[in-house]
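Sequence lines, in order, name chains W and R.
Going by my numbering, the first sequence opens with residue 1, and the numbers climb by one from there.
Going by my numbering, the second sequence opens with residue 1001, and the numbers climb by one from there.
Quick caveat, the hints were computed from the structure, so don't treat them as lab data.
No false leads were slipped in.
Below are the DSBU-like pairs computed for lysine-lysine, each with C-alpha atoms no more than 35 Å apart in a straight line:
id : chain 1 : residue 1 : chain 2 : residue 2
1  : R       : 1071      : W       : 49
2  : R       : 1016      : R       : 1078
3  : R       : 1011      : W       : 112
4  : W       : 112       : W       : 68
5  : W       : 68        : W       : 58
6  : W       : 49        : R       : 1062
7  : W       : 49        : W       : 69
8  : R       : 1071      : R       : 1016
9  : R       : 1011      : R       : 1078
10 : R       : 1062      : R       : 1078
11 : W       : 68        : W       : 49
12 : R       : 1011      : W       : 49
13 : R       : 1015      : R       : 1071
14 : W       : 49        : W       : 112
15 : R       : 1078      : W       : 49
Computed beta-carbon distance windows for the label pairs:
id : chain 1 : residue 1 : chain 2 : residue 2 : range
16 : R       : 1076      : W       : 42        : 19 to 27 Å
17 : R       : 1003      : W       : 82        : 21 to 29 Å
18 : W       : 60        : R       : 1011      : 26 to 34 Å
19 : W       : 77        : R       : 1061      : 34 to 42 Å
20 : W       : 12        : R       : 1083      : 32 to 40 Å
21 : R       : 1020      : W       : 39        : 25 to 33 Å
22 : W       : 71        : R       : 1071      : 44 to 52 Å
23 : W       : 42        : R       : 1064      : 22 to 30 Å
24 : W       : 53        : R       : 1012      : 39 to 47 Å
The structure displayed is predicted, hence computed values, not measured ones.
All C-beta atoms, glycine included, are put in the ideal place defined by N, C-alpha and C.
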Amino acid sequence: AQSVTQLGSHVSVSEGALVLLRCNYSSSVPPYLFWYVQYPNQGLQLLLKYTSAATLVKGINGFEAEFKKSETSFHLTKPSAHMSDAAEYFCAVSEGAGNMLTFGGGTRLMVKP
Amino acid sequence: EAGVVQSPRYKIIEKKQPVAFWCNPISGHNTLYWYLQNLGQGPELLIRYENEEAVDDSQLPKDRFSAERLKGVDSTLKIQPAELGDSAVYLCASSLGGSKGTEAFFGQGTRLTVV
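Input sequences plus hints: build the corresponding full structure.
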């Protein structure tokens, strides 16, 4: 069985500040891990993915995430927040290519001017 | 390249009425998913298709929900009869499947309101 926990349902940062969104997972097999972003009334857009290659993964819009097996974590970071980053972010785990995604509860990122 | 297309975007129905959602996946994607997203929560899988075969429908409430993917391309998800608690966003996603594709691409969703 697989599960995802996202610590902090709401995160607020100032424009230009570091963004850190936390994700911990459990999986019975080596996982595939994903971060998706969802803007209001939109579907989910893939930010980045980890599929057992490099542990530091770079994605779109300046985001990156690091896979830490010992901590079962896959936290999402961005050095400098933009107003346009305000959205809902979901971490997800899969136990194989094409398998179902199990999502965390999401973290709403708010960016203050 | 066109993404995953869902229709309608919004639907309001009275309880006990039937409703259907349609999804057209990305061309060439063998795997198709339907997810349910309640307000303020992450999506939860309802059903997964590999081509026309439903390979994971354990979370689909079969007493009122049904789905089909004829010819392994488009898919429809039906609720009959709808209940107030079915109000949510229904997301369709597709992926290449197998070892060729690890990520799922999502449509914009259908927001269902049952009154």
